[in-house]
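**Student:** The chain contents come next:
Protein chains: 4
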Amino acid sequence: MPIRIIVTGGTFDKEYNELDGKLYFKDTHLREMLELGRSRVEVGIRTLMMIDSLEMTEQDRHLIVDRCAHAREDRIIVTHGTDTMEVSARALGQSVRNKTVVLTGAMVPYKFGSSDGLFNLGSALAFVQTLPHGVYIAMNGKYFSWDNVRKNRKTGAFEEIR
Amino acid sequence: MPIRIIVTGGTFDKEYNELDGKLYFKDTHLREMLELGRSRVEVGIRTLMMIDSLEMTEQDRHLIVDRCAHAREDRIIVTHGTDTMEVSARALGQSVRNKTVVLTGAMVPYKFGSSDGLFNLGSALAFVQTLPHGVYIAMNGKYFSWDNVRKNRKTGAFEEIR
Amino acid sequence: MPIRIIVTGGTFDKEYNELDGKLYFKDTHLREMLELGRSRVEVGIRTLMMIDSLEMTEQDRHLIVDRCAHAREDRIIVTHGTDTMEVSARALGQSVRNKTVVLTGAMVPYKFGSSDGLFNLGSALAFVQTLPHGVYIAMNGKYFSWDNVRKNRKTGAFEEIR
Amino acid sequence: MPIRIIVTGGTFDKEYNELDGKLYFKDTHLREMLELGRSRVEVGIRTLMMIDSLEMTEQDRHLIVDRCAHAREDRIIVTHGTDTMEVSARALGQSVRNKTVVLTGAMVPYKFGSSDGLFNLGSALAFVQTLPHGVYIAMNGKYFSWDNVRKNRKTGAFEEIR
Numbered sequence: 001m002p003i004r005i006i007v008t009g010g011t012f013d014k015e016y017n018e019l020d021g022k023l024y025f026k027d028t029h030l031r032e033m034l035e036l037g038r039s040r041v042e043v044g045i046r047t048l049m050m051i052d053s054l055e056m057t058e059q060d061r062h063l064i065v066d067r068c069a070h071a072r073e074d075r076i077i078v079t080h081g082t083d084t085m086e087v088s089a090r091a092l093g094q095s096v097r098n099k100t101v102v103l104t105g106a107m108v109p110y111k112f113g114s115s116d117g118l119f120n121l122g123s124a125l126a127f128v129q130t131l132p133h134g135v136y137i138a139m140n141g142k143y144f145s146w147d148n149v150r151k152n153r154k155t156g157a158f159e160e161i162r
Numbered sequence: 163m164p165i166r167i168i169v170t171g172g173t174f175d176k177e178y179n180e181l182d183g184k185l186y187f188k189d190t191h192l193r194e195m196l197e198l199g200r201s202r203v204e205v206g207i208r209t210l211m212m213i214d215s216l217e218m219t220e221q222d223r224h225l226i227v228d229r230c231a232h233a234r235e236d237r238i239i240v241t242h243g244t245d246t247m248e249v250s251a252r253a254l255g256q257s258v259r260n261k262t263v264v265l266t267g268a269m270v271p272y273k274f275g276s277s278d279g280l281f282n283l284g285s286a287l288a289f290v291q292t293l294p295h296g297v298y299i300a301m302n303g304k305y306f307s308w309d310n311v312r313k314n315r316k317t318g319a320f321e322e323i324r
Numbered sequence: 325m326p327i328r329i330i331v332t333g334g335t336f337d338k339e340y341n342e343l344d345g346k347l348y349f350k351d352t353h354l355r356e357m358l359e360l361g362r363s364r365v366e367v368g369i370r371t372l373m374m375i376d377s378l379e380m381t382e383q384d385r386h387l388i389v390d391r392c393a394h395a396r397e398d399r400i401i402v403t404h405g406t407d408t409m410e411v412s413a414r415a416l417g418q419s420v421r422n423k424t425v426v427l428t429g430a431m432v433p434y435k436f437g438s439s440d441g442l443f444n445l446g447s448a449l450a451f452v453q454t455l456p457h458g459v460y461i462a463m464n465g466k467y468f469s470w471d472n473v474r475k476n477r478k479t480g481a482f483e484e485i486r
Numbered sequence: 487m488p489i490r491i492i493v494t495g496g497t498f499d500k501e502y503n504e505l506d507g508k509l510y511f512k513d514t515h516l517r518e519m520l521e522l523g524r525s526r527v528e529v530g531i532r533t534l535m536m537i538d539s540l541e542m543t544e545q546d547r548h549l550i551v552d553r554c555a556h557a558r559e560d561r562i563i564v565t566h567g568t569d570t571m572e573v574s575a576r577a578l579g580q581s582v583r584n585k586t587v588v589l590t591g592a593m594v595p596y597k598f599g600s601s602d603g604l605f606n607l608g609s610a611l612a613f614v615q616t617l618p619h620g621v622y623i624a625m626n627g628k629y630f631s632w633d634n635v636r637k638n639r640k641t642g643a644f645e646e647i648r
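Line by line, the protein sequences give chains A, B, C and D.
The opening position of the first sequence corresponds to residue 1 in my numbering, with each subsequent residue numbered one higher.
The opening position of the second sequence corresponds to residue 163 in my numbering, with each subsequent residue numbered one higher.
The opening position of the third sequence corresponds to residue 325 in my numbering, with each subsequent residue numbered one higher.
The opening position of the fourth sequence corresponds to residue 487 in my numbering, with each subsequent residue numbered one higher.
If we strip away everything but chain A, and leave its shape as in the complex, we get (with noise of 0.2 Å):
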């Protein structure tokens, strides 16, 4: 059975807008990110969302949950914003069983050169397809349970709160 990614923006998507100088989403990168990565892992990709993890509503995270919940696939990968990504895997822990799946994101975007995208992307693949079932965050090449995991809002690292 193939992983499923759900895209839900976040950093890894931002783009540079040059007619006015913002940073916006158009479309998620990661089909280009599995090609650059030669990954030969079957993969379904679906976009629930284009957003910044900090204009994530309530409503979306019930949304987020709901796919993972009814997902055919049992691994899943969850591409998210880091500023409330420890919010949405707490939603995830408490409510999907009998899967595995897994947060990552960005902490630069992916088009900038000083990216760490890839190299999250590459982890969490292979963190999806070897762990047990739970509710992952992966960053920092490291991966978190859902209820141990915190963003330190001083150095932008992912840590255990205990």
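Here are the simulated lysine-lysine pairs, DSS-like style, with alpha carbons at most 27 Å apart: (1) A:Lys154 - C:Lys346; (2) D:Lys508 - D:Lys640; (3) A:Lys22 - C:Lys435; (4) C:Lys478 - A:Lys26.
Covered, in the sense of this in silico footprint (three residues per stretch, anywhere, with C-beta under 8 Å from a C-beta of chain A), are these stretches of chain C: (5) 341-351; (6) 428-438.
None of these hints come from the bench; they were simulated from the model.
We treat Cβ as the ideally placed atom computed from N, Cα and C, and that holds for glycine.
On the provided structure of chain A, position chains B, C and D as indicated by the hints.
**Tutor:** Chains B, C and D in isolation, oriented as in the chain A frame:
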């Protein structure tokens, strides 16, 4: 305990010599790549050799096996040229016990725009943290057991033998 | 005599702040860009300000004009945001005599993959060495006289007024 | 009248073959580079050959001279490997009259991160629009007359002979 990374060269670390137009090895890019990935995984990097894997001798392979067998760490990544990666994987698989060893590399040098290196490193780092003891190749987003993998010379992709 | 490069900021030098997701100015990338271009042209770089050209005041423009008018060098490049580049070009054109001044900038920050910055810098450096005294904008591979140029807000390209 | 661009290959256009690890020529990147530079200069691009300039024969050089001499355009850029660029410049300088011909190239392939190609193309395009009739090399941000230029084999930079 940190993860041991053993560098042997390969396409991963090739650079372009602008004076003679040839590809060559200078230093490993592993540290730079882990920084780009904002990796927070504790690792120790050691450069064992810096060679094209087509030029790797039996003696070189014995050295790699020896270092993996005698490493204090039980989680080891070996960066390696893709051309004979399966040969070194077999040598390691037949000798190393009680450790998780993951070989990885790149089809295109890290320093060139179209490299799969960062993606592969991200996946190798995730696989080495989660796979049970054994020897594996991590390429194309997948992992392969040392006794069931070959590089397809036509497509450049790794695949299972049977 | 070396060529004077006066840095005023603009898209050229914007960077992505990975902690708050906003674009900001840190240092100029001019030295790094000239190194990438293997430039052997003798230049002196001075950062006069680091601002978005939409926020440039009349006072800022007086300062730029003053520095160009009083520079010892008679060949000067001014890096500048594209939004009000034509305004500064007019201010310079009406005041600076006996010098070749070339304004240039970028539609996309140098640090992002799709930047036109390096191309523009190469052309500006060539134009400033070859054009007769006067004030010009170098963008889109072309040069424009200060009194016959505007930025087309729809296409983002510079064009002659008449 | 548009500017004629004649492509002869050289480091500029080399690519990395990920199946055999060798550098090779596929297509020219000129169009892509001009797009990246948001160039609005009218140009006509013709690929005359795609070779390493070390392999360029007298016959190849006659062909280049012939095409420049008989081109309808009087402003011509020739992309060329740097190793024998000065030889072709001399051949052109001794034969082509009433035209501005600018040879340019790159020390590192355009497709590799550290390429000077885009910078050189920007400067060549500017020089060809502004220099009087004659044959020139545009490298390192400078222009050199065909009869007073050589590549310094140790530094890789172009310099005047006397």
